[in-house]
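Start from chain P and add chain V according to the hints.
Sequence order for the protein chains is P and V. Mapping of the first sequence onto our numbering: position 174 corresponds to residue 193, and the numbering continues sequentially without gaps. Mapping of the second sequence onto our numbering: position 110 corresponds to residue 129, and the numbering continues sequentially without gaps.
Just so you know, the hints here were simulated from the structure itself, not pulled from any lab data. It cannot be assumed that every hint is accurate.
Intra- or inter-copy, both count: the list cannot distinguish identical chains.
[Unchecked claim] Straight-line Cα separation of at most 20 Å, DMTMM-like style, residue types lysine to aspartate or glutamate; simulated pairs:
id	residue 1	residue 2
1	K212	E401
2	K131	D178
3	K206	D190
4	K89	D382
5	K155	E110
6	K61	E74
7	K69	E58
8	K131	D36
9	K69	D332
10	K69	D36
11	K91	E109
12	K320	E70
13	K294	E390
14	K363	E461
15	K341	D139
16	K446	E405
17	K212	E475
18	K472	D230
19	K69	D330
20	K309	E63
21	K337	D139
22	K155	E111
23	K359	D393
24	K337	E401
25	K404	D230
Letter by letter, the chains look like this.
Number of protein chains: 2
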Amino acid sequence: MEVDFAQWYTDVVTKADLIDYSSVRGSMIIRPYGYALWENIKNELDDRIKETGHENVYMPLFIPESLLQKEKDHIEGFAPEVAWVTHGGEEELAERWCVRPTSEVLFCEHYKNIIHSYRDLPKLYNQWANVVRWEKTTRPFLRTLEFLWQEGHTCHATDEEAHEETVRMLDVYADVCENVLAIPVVKGQKTDKEKFAGAKYTYTIESLMHDGKALQSGTSHHLGDGFAKAFGIQFTDQEGKLQYVQQTSWGFTTRIIGAMIMVHGDDRGLVIPPKAAPTQLMIVPIAQHKEGVLDYAYGLKETLARIARVDIDASDKKPGWKFNEYEMKGVPLRLEVGPKDMEKQQVVLVRRDTGEKIFVPTDHLEAKITEILDDIQRQLFEKAKELREEKTYVALNHGELKETFAQKTGFVKAMWCGDRSCEDQIKEETGATSRCMPFNQEAVSTECVCCGKEAEKLVYWAKAY
Amino acid sequence: MEVDFAQWYTDVVTKADLIDYSSVRGSMIIRPYGYALWENIKNELDDRIKETGHENVYMPLFIPESLLQKEKDHIEGFAPEVAWVTHGGEEELAERWCVRPTSEVLFCEHYKNIIHSYRDLPKLYNQWANVVRWEKTTRPFLRTLEFLWQEGHTCHATDEEAHEETVRMLDVYADVCENVLAIPVVKGQKTDKEKFAGAKYTYTIESLMHDGKALQSGTSHHLGDGFAKAFGIQFTDQEGKLQYVQQTSWGFTTRIIGAMIMVHGDDRGLVIPPKAAPTQLMIVPIAQHKEGVLDYAYGLKETLARIARVDIDASDKKPGWKFNEYEMKGVPLRLEVGPKDMEKQQVVLVRRDTGEKIFVPTDHLEAKITEILDDIQRQLFEKAKELREEKTYVALNHGELKETFAQKTGFVKAMWCGDRSCEDQIKEETGATSRCMPFNQEAVSTECVCCGKEAEKLVYWAKAY
Numbered sequence: 020m021e022v023d024f025a026q027w028y029t030d031v032v033t034k035a036d037l038i039d040y041s042s043v044r045g046s047m048i049i050r051p052y053g054y055a056l057w058e059n060i061k062n063e064l065d066d067r068i069k070e071t072g073h074e075n076v077y078m079p080l081f082i083p084e085s086l087l088q089k090e091k092d093h094i095e096g097f098a099p100e101v102a103w104v105t106h107g108g109e110e111e112l113a114e115r116w117c118v119r120p121t122s123e124v125l126f127c128e129h130y131k132n133i134i135h136s137y138r139d140l141p142k143l144y145n146q147w148a149n150v151v152r153w154e155k156t157t158r159p160f161l162r163t164l165e166f167l168w169q170e171g172h173t174c175h176a177t178d179e180e181a182h183e184e185t186v187r188m189l190d191v192y193a194d195v196c197e198n199v200l201a202i203p204v205v206k207g208q209k210t211d212k213e214k215f216a217g218a219k220y221t222y223t224i225e226s227l228m229h230d231g232k233a234l235q236s237g238t239s240h241h242l243g244d245g246f247a248k249a250f251g252i253q254f255t256d257q258e259g260k261l262q263y264v265q266q267t268s269w270g271f272t273t274r275i276i277g278a279m280i281m282v283h284g285d286d287r288g289l290v291i292p293p294k295a296a297p298t299q300l301m302i303v304p305i306a307q308h309k310e311g312v313l314d315y316a317y318g319l320k321e322t323l324a325r326i327a328r329v330d331i332d333a334s335d336k337k338p339g340w341k342f343n344e345y346e347m348k349g350v351p352l353r354l355e356v357g358p359k360d361m362e363k364q365q366v367v368l369v370r371r372d373t374g375e376k377i378f379v380p381t382d383h384l385e386a387k388i389t390e391i392l393d394d395i396q397r398q399l400f401e402k403a404k405e406l407r408e409e410k411t412y413v414a415l416n417h418g419e420l421k422e423t424f425a426q427k428t429g430f431v432k433a434m435w436c437g438d439r440s441c442e443d444q445i446k447e448e449t450g451a452t453s454r455c456m457p458f459n460q461e462a463v464s465t466e467c468v469c470c471g472k473e474a475e476k477l478v479y480w481a482k483a484y
Numbered sequence: 020m021e022v023d024f025a026q027w028y029t030d031v032v033t034k035a036d037l038i039d040y041s042s043v044r045g046s047m048i049i050r051p052y053g054y055a056l057w058e059n060i061k062n063e064l065d066d067r068i069k070e071t072g073h074e075n076v077y078m079p080l081f082i083p084e085s086l087l088q089k090e091k092d093h094i095e096g097f098a099p100e101v102a103w104v105t106h107g108g109e110e111e112l113a114e115r116w117c118v119r120p121t122s123e124v125l126f127c128e129h130y131k132n133i134i135h136s137y138r139d140l141p142k143l144y145n146q147w148a149n150v151v152r153w154e155k156t157t158r159p160f161l162r163t164l165e166f167l168w169q170e171g172h173t174c175h176a177t178d179e180e181a182h183e184e185t186v187r188m189l190d191v192y193a194d195v196c197e198n199v200l201a202i203p204v205v206k207g208q209k210t211d212k213e214k215f216a217g218a219k220y221t222y223t224i225e226s227l228m229h230d231g232k233a234l235q236s237g238t239s240h241h242l243g244d245g246f247a248k249a250f251g252i253q254f255t256d257q258e259g260k261l262q263y264v265q266q267t268s269w270g271f272t273t274r275i276i277g278a279m280i281m282v283h284g285d286d287r288g289l290v291i292p293p294k295a296a297p298t299q300l301m302i303v304p305i306a307q308h309k310e311g312v313l314d315y316a317y318g319l320k321e322t323l324a325r326i327a328r329v330d331i332d333a334s335d336k337k338p339g340w341k342f343n344e345y346e347m348k349g350v351p352l353r354l355e356v357g358p359k360d361m362e363k364q365q366v367v368l369v370r371r372d373t374g375e376k377i378f379v380p381t382d383h384l385e386a387k388i389t390e391i392l393d394d395i396q397r398q399l400f401e402k403a404k405e406l407r408e409e410k411t412y413v414a415l416n417h418g419e420l421k422e423t424f425a426q427k428t429g430f431v432k433a434m435w436c437g438d439r440s441c442e443d444q445i446k447e448e449t450g451a452t453s454r455c456m457p458f459n460q461e462a463v464s465t466e467c468v469c470c471g472k473e474a475e476k477l478v479y480w481a482k483a484y
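Chain P on its own, in the form it takes in the complex (with noise of 0.2 Å):
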């Protein structure tokens, strides 16, 4: 891991049965124990979009160009990156049709259709669907040619309405992140370089990874009426007057995955916090051969179903290997079990994280089983904000920004004058782009770290997935 990471992060996606290749260059399939993963993520991010008011709905796949191409920047950042289709069965399109790489155009030709009064207002959305973007160069979760994710769009009357849905979305985000996966993140705007192609502003929760680089773990963009006034977006306020709508659109992708397998795996495979584990804990009997063993496991499987999602390894491999299996898979929690256990009333818990062993009588097991699940979970999640503020550096000027950049593999918060041509430099001579003007804003220095002018703006910097 610390000697190749790019190679370590392979490895474990596969070891791990998250994914499989095949012959569609840079589509991944997501195996049983990945796709799992990602229902449990996808389940408590459903929720909390339910929650806060949001409806599901279903869009087609395909975009015909002249409806993609209907908001000018908006096509301009996806041309370069679509897949087209240009026939259908044995025939040729009259217009070729583009593979969705996300539904804004969609979703606006339907408000114009369904929006006519403020009484229509707001309209909260949310798609659950696969999109697609012609990347040249793929790594399973991180970048690949098609993913899954939840694209949110909505519409406002006001542009502080939409300003506040921008940064609730946000923060479900930042929730999901920080309390499902145990992720921390750095809350912030993007710079107009960055942001979203048609958006008024994009705020993004930006994560570390172990190797210290930066991912983009989630969006959330402020449309304002750019989108409204290209489609014809309006509405009847009640005052009679004719307004267009404010829009946003927000995001949330696999993706997550490789930032939580970069976040907490380690030599041995696999970390996975408990909230997002398939397995939580994983019941491996000793000398299973012995009588009165498996019948006592699967007992033990069965009262443990109640508060944890347990499984049981009752196959005829030998018990390290069983160990090495699930460590690998990232299980938080091993329960071990065997005659001399049972005798003594007892049984052996193994924490993923930390390897310890906890000798657990079994009358108080499942008070210490919620125990420790959400030691874990707390510790994992502390864990990882000790290593990102470890990898979290200051650069006062130019000169150590370069050198900082030069040496480490970090965070680098420093000022910026908010001049597109110092991102630029700094981009061309450390490889570091901005991943945000973070909402926690600290004045390091009065001066932009690389043209030395006068600047008020902390940038996160990083080299970034």
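For chain V alone, coordinates are given in the frame of chain P:
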């Protein structure tokens, strides 16, 4: 509805806010009410798929042309109706990719990678996905260019096990149709002409719509070892011998929503069976400006949410408007409560299916609502079954068959010799196709209804969607 069933259908799907059209020909926007309905059906089916030991996975959206061509019958069946991607970004592809019409070949390629020994069997995978078939004429839910579905793909050691799986999953589909959607089905086998491209045989559930046309509601295919041989999916059996796996696949789609509409709907709109209904009980406050009414209605909503999916319409629209709206939307049960009811400590329940008004004392409300919802579920199924029986005819000879189809629309039970030419002739003369050879065979005669030769197979014939 009786005057122009097709127009009635189109009106209902849009007026009940299930779908909207877009500029994407043949595709539909599934609106929040339609999607909530699909989520309910999906959850019911997904639970059953998992209970029977299957795991969810996700395969790529695209299939390279060379991969699709590996199984000869399969490519012949699907090539005329796939969408072809020829360009990614600015660049033309060396090999064109189709958008998956179904994913057999992707599963097969993966299975070849992961199956080696009898210990790897069975493999019981399922995928929830969108698929595309380039249909010329389309109708919402019934036949769309893109649709949502699940597709199961399994591998087994023996023909017998694959057969059992094929039956098991057909039974799961029948269970969802009959017990969730209240749609009675006929189970049977497709003729060779109508079977899935590449299958050994196809089992189907067929249902009958209000207008007497049939609708294929779910299919389960025994694929034999045809795909296994084309893709080289082999395993070492317990005796150390190399064998080809036996495969199945089975699918269930958003088209079932069309069936639900056409089986239960009436002149006032949709009728949704309680188990599938996004809202099972809609509360409409009467004289809601009067003191205490709204508080009381919201209190009921909170209490009743424990036993049903409850919603309330407290908008300033008139009660009459609301009654029509939720009748159109097929909400199974309406609860009216106003100042007089509050005084009498009662509410009024109105059944969508029968229009019956029931006055219920508030202290019996929960039990009564549960009882009525169960009764609606049961009655809808019974009514649909009666209609199907009314519209099921028997034809003993060629004359009777032609006469029946000239005068009636429904299932016609008639014997068939097994010759493709008779099937073709019947289709040409009557417009009806063989829906299935029912598992429940009866010998209504001993002669083929077309050619008069000796015949042992009973077939259900019908015009179909």
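Margin query: Regarding K341 and D139, is the shortest C-alpha distance of 20 Å or less found within a copy, between copies, in both, or in neither?
Written below: This pair counts as between: shortest inter-copy Cα distance 16 Å, intra-copy 56 Å.
Checklist line | Homo-oligomer pair classification [E461, K363; C-alpha up to 20 Å] | finding: neither (58 Å within a copy, 65 Å between copies)
Notebook entry, point to check: Under a CA distance limit of 20 Å, which applies to K404 and D230: within one copy, between copies, both, or neither?
Noted result: Answer is within; shortest intra-copy Cα gap is 14 Å, inter-copy 64 Å.
Check: How would you label the pair K320, E70 (within, between, both, or neither) given a Cα cut-off of 20 Å?
Finding: between (32 Å within a copy, 17 Å between copies)
Check: Is it within, between, both or neither when you check K472 against D230 at 20 Å Cα-Cα?
Finding: Intra 32 Å, inter 77 Å, cutoff 20 Å: neither.
Margin query: For K61 and E74, with the copy left unspecified, which applies at a CA distance of at most 20 Å: within, between, both, or neither?
Written below: both (15 Å within a copy, 16 Å between copies)
Check: Are the CA atoms of K91 and E109 at most 20 Å apart within a copy, between copies, both, or neither?
Finding: Between copies only: 18 Å across, 32 Å inside.
Item checked: Same-copy or cross-copy closeness of K131 to D178 [CA-CA at most 20 Å] -> Cα proximity of K131 and D178: one copy only (18 Å, versus 54 Å across).
Notebook entry, point to check: Is it within a copy, between copies, both, or neither that the alpha carbon of K155 lies no farther than 20 Å from that of E111?
Noted result: between (26 Å within a copy, 13 Å between copies)
Check: Given identical chains, is K294 near E390, meaning Cα to Cα at most 20 Å, within a copy, between copies, both, or neither?
Finding: Answer is within: at 13 Å inside a copy they meet the 20 Å cutoff, but 38 Å across does not.
Checklist line | Within, between, both or neither: K359, D393 at alpha-carbon 20 Å | finding: neither (28 Å within a copy, 52 Å between copies)
Next item on the list: Could you figure out if K206 and D190 sit no more than 20 Å apart (CA to CA) within one copy, between two copies, both or neither?
Entry: Intra 9 Å, inter 50 Å, cutoff 20 Å: intra-copy only.
The structure shown violates the earlier hints numbered 1, 4, 14, 16, 18, 20, 23, 24.
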